[in-house]
Amino acid sequence: MLMNECLFLDGLTSVTGVCVTKNEDIVVSDSSIKPKVKIYRSDGKVLSKLEGPFKHPYQVTSNTKTDHIYVVDPRLHCIMKFEGMGRYRGSFGADNLIWPCSACVDNCGNLLVCDRADRKIKMFSEEGAFIGKVLGREDGLVSPIGVCVDTVCKSGRLAIIEEELRTGGEDRVYLKVFK
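If you want my numbering, it's the 1-based position in the sequence shown plus 51.
Hints are computed from structural coordinates only; laboratory data are not their basis.
No experiment lies behind these values; they were computed from the predicted model shown.
Do not take every clue at face value.
Unchecked claim - Computed list of lysine to aspartate or glutamate pairs in EDC-like fashion (alpha-carbon distance at most 20 angstroms, straight line):
#1 Lys-106 - Asp-94
#2 Lys-184 - Glu-213
#3 Lys-85 - Glu-75
#4 Lys-100 - Asp-76
#5 Lys-227 - Asp-201
#6 Lys-96 - Asp-61
#7 Lys-184 - Asp-146
#8 Lys-116 - Asp-146
#9 Lys-73 - Asp-94
#10 Lys-205 - Glu-221
#11 Lys-116 - Asp-76
#12 Lys-85 - Asp-61
#13 Lys-73 - Asp-169
As the list claims (entries may be wrong) - With beta-carbon atoms standing in for the labels, derived distance ranges:
#14 Lys-100 - Glu-189: 39 to 45 angstroms
#15 Leu-98 - Glu-189: 40 to 46 angstroms
#16 Gly-219 - Val-97: 42 to 48 angstroms
#17 Leu-226 - Gly-160: 22 to 28 angstroms
Note that the Cβ used here is the ideal one computed from N, Cα and C, for glycine as well.
Could you build all of it, start to finish, from the sequences and the hints given here?
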């Protein structure tokens, strides 16, 4: 794959997440001192800025069937839901999440959330209702920091990234795939 364009995105200093929406717009989260989430057109022009009660908008994902955008905020222990161009629809997960750090949407529209502190992958409905734990310590999770589900081949495979923090040595990163 060749790079098509390289665009400067002004006003961002600590980018932590990116995703593409149903309309092929690009959502970028910035967890700097002034946290923000912006939606850009493919030419780099700002379409809108998501207005939410952000403390640390760490990662973003979208449901390409409904055009909902989800923002993972670990400091608020929740997921924030937005419609299309950024209308805030509320948050969920505060009762079930300790330190969410990543999320993705499966083929059914459910949200899979990586909860690093609880060492689990948890599932929520599109409306934000907690469905349950998908994977945990008993499945071999130690310190999950990222989750992605295969929606292209519809195999249902989950790719989990884990980080092992080592004292006095190099940290290690692992990829674990579950079917």
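Structure-based check of all given hints:
1. Lys-106 - Asp-94: violated (28 angstroms)
2. Lys-184 - Glu-213: holds (17 angstroms)
3. Lys-85 - Glu-75: violated (26 angstroms)
4. Lys-100 - Asp-76: holds (12 angstroms)
5. Lys-227 - Asp-201: holds (13 angstroms)
6. Lys-96 - Asp-61: holds (10 angstroms)
7. Lys-184 - Asp-146: Roughly 14 angstroms between the alpha carbons, so the hint for Lys-184 and Asp-146 holds.
8. Lys-116 - Asp-146: Violated, at roughly 27 angstroms.
9. Lys-73 - Asp-94: Given pair Lys-73, Asp-94 holds - Cα atoms ~16 angstroms apart, limit 20 angstroms.
10. Lys-205 - Glu-221: Violated - the C-alpha atoms of Glu-221 and Lys-205 are around 36 angstroms apart, more than 20 angstroms.
11. Lys-116 - Asp-76: Satisfied, since the Cα-Cα distance of roughly 14 angstroms is no more than 20 angstroms.
12. Lys-85 - Asp-61: holds (14 angstroms)
13. Lys-73 - Asp-169: violated (31 angstroms)
14. Lys-100 - Glu-189: 39 to 45 angstroms: At roughly 42 angstroms between Cβ atoms, Glu-189 and Lys-100 fall inside 39 to 45 angstroms, so the hint holds.
15. Leu-98 - Glu-189: 40 to 46 angstroms: holds (43 angstroms)
16. Gly-219 - Val-97: 42 to 48 angstroms: With a Cβ separation near 44 angstroms, Gly-219 and Val-97 satisfy 42 to 48 angstroms, so the hint holds.
17. Leu-226 - Gly-160: 22 to 28 angstroms: holds (25 angstroms)
Against the hints set out earlier in the document, violations occur for numbers 1, 3, 8, 10, 13.
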